[in-house]
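**Student:** Here is what each chain is made of, one letter per residue.
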Amino acid sequence: MDRTTIKALLGLYREGEPDARFEEAKQAAENDPELAAWWAQERALDQAIARHLQAAPVPRDLRARRLRTSVNESSTTHALGRPWLYAAAALVTLALLFGLSRSAFQEKPLFANYRDEMVSFVKLTPSLELESNNLPQIRSFLTSANAPADAQIPPEVAKLNPIGCRVLRFRGEDVTLICFKREDGRLAHIFAVKRSMFLHGAAKPEYAAAGDWMTASWTNGDYNYLLAVQGDRAAAEQLLRDS
Amino acid sequence: MSEAATDEGVSEIDQEELVERYYQPLYHFGLSLSRNEADASDLVQQTFYKWAAKGHQLRDVSKVKTWLFTTLYRAFISRKRMDERFVASDENPELIEPLQVQPAVVEALDGATVLQALSRLEERYRAPVTLFYLQQHSYREIAEILEIPVGTVMSRLSRGKSELRTILTVSAERSQTKIVPMTRKENRG
Numbered sequence: 009m010d011r012t013t014i015k016a017l018l019g020l021y022r023e024g025e026p027d028a029r030f031e032e033a034k035q036a037a038e039n040d041p042e043l044a045a046w047w048a049q050e051r052a053l054d055q056a057i058a059r060h061l062q063a064a065p066v067p068r069d070l071r072a073r074r075l076r077t078s079v080n081e082s083s084t085t086h087a088l089g090r091p092w093l094y095a096a097a098a099l100v101t102l103a104l105l106f107g108l109s110r111s112a113f114q115e116k117p118l119f120a121n122y123r124d125e126m127v128s129f130v131k132l133t134p135s136l137e138l139e140s141n142n143l144p145q146i147r148s149f150l151t152s153a154n155a156p157a158d159a160q161i162p163p164e165v166a167k168l169n170p171i172g173c174r175v176l177r178f179r180g181e182d183v184t185l186i187c188f189k190r191e192d193g194r195l196a197h198i199f200a201v202k203r204s205m206f207l208h209g210a211a212k213p214e215y216a217a218a219g220d221w222m223t224a225s226w227t228n229g230d231y232n233y234l235l236a237v238q239g240d241r242a243a244a245e246q247l248l249r250d251s
Numbered sequence: 108m109s110e111a112a113t114d115e116g117v118s119e120i121d122q123e124e125l126v127e128r129y130y131q132p133l134y135h136f137g138l139s140l141s142r143n144e145a146d147a148s149d150l151v152q153q154t155f156y157k158w159a160a161k162g163h164q165l166r167d168v169s170k171v172k173t174w175l176f177t178t179l180y181r182a183f184i185s186r187k188r189m190d191e192r193f194v195a196s197d198e199n200p201e202l203i204e205p206l207q208v209q210p211a212v213v214e215a216l217d218g219a220t221v222l223q224a225l226s227r228l229e230e231r232y233r234a235p236v237t238l239f240y241l242q243q244h245s246y247r248e249i250a251e252i253l254e255i256p257v258g259t260v261m262s263r264l265s266r267g268k269s270e271l272r273t274i275l276t277v278s279a280e281r282s283q284t285k286i287v288p289m290t291r292k293e294n295r296g
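So the protein sequences, as listed, match chains A and B.
Each residue of the first sequence is one higher than the last, beginning at 9 in my numbering.
Each residue of the second sequence is one higher than the last, beginning at 108 in my numbering.
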């Protein structure tokens, strides 16, 4: 087996796969420090890609929409004498009702992961569930969605024009996202999530860069807040100066 | 997952757990295939609807996961009217050495970059590469989902991963030199 083939196989290596060539390639790497270093780097990249893909936010209403469709379509296209269909719908309803409670027993997630996921989400120009320039209307929508609606918007951010909102999910919790238009035409994103989600939490804003984005996070009342803006720290500080 | 095979198939699978376990990876698979949140959600809805309607016909409980992903993939294929999976003549079965990616590229990765890079893969590579990174399936299961031989899965993975690395490297270079601001809209914060 030549070196190119070994690297090709290592690039596809997975524990437990039956192809005997994988083990041969693995042994070659174990006996070749240079190859082992190359493989370690390769796996680090694969792990990072997998982590980011699996953390991509899922629309909050996905399960509810699926349930509606399932029940409606079942009743119109299938015989009524199939009780298992209703049982399935009932069980999915249970999933909707009790799915959230599971997170309470899980280990608290890292705030850094939350921050990274939220920033990566707004980088993708997310569609908004409600487009509105009216903050009370946005709060009303969030209330009806049972999402954090009474978020304390920093005064300088509140002076900006809101453009809409969306509810995201993070580790089983609803996250409110409200977007505002800045004077330079770019956006400022405010996220609010239950404070109890994280061990992390300080009243004063803590700043952290995420690529060419700047974030600030703080806690106030029941919520943990995250501000994300494209730009440097000054851009974020400007929006929080009277907070 | 608590489940039981019966003469009538797998109707006793814990539906709640099934939903909890698979709706997110199914969505991520659908998102990567369709490159669109709404379409991905629809694909997941369609998949679970088919499960509610036909899942009881499944005899082998160990196939539930593969069944769900296969159903979603077929729904996507059907929507795209894509028939390239049946064309094997242009397949090069050889595996290729992955392009080396610098550690700085790995460190700079984020969710947006990964999803954008996956969305720019050729379609024939996007499905196996996404399934590979979802880490839910063996190569044999990926082959079943995509209805192609295991050897084809591996060659597509080999080339797809290499293509993905090229995309990530080029994106990182552009980002560092500020020549091209990715595909971000100007009015996004």
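In case anyone wonders, no lab produced these hints; they're calculated from the structure.
Keep in mind the model is a prediction, meaning the values are calculated, not measured.
It cannot be assumed that every hint is accurate.
What the hints assert, rightly or not - Among the chain B residues that face chain A by a calculated CB cut under 8 Å, a handful are:
1. 131
2. 208
3. 240
4. 245
5. 274
Stated by the list, open to error - Just a sample of chain B residues kept apart from chain A, beta carbon distances all over 10 Å, derived:
6. 152
7. 166
8. 169
9. 185
10. 204
11. 217
12. 251
13. 259
14. 268
15. 272
16. 273
17. 277
18. 280
We treat Cβ as the ideally placed atom computed from N, Cα and C, and that holds for glycine.
**Student:** Going through the earlier hints one by one, which of them does the structure break, listed in rising order?
**Tutor:** 5, 6, 10, 11, 14 and 15
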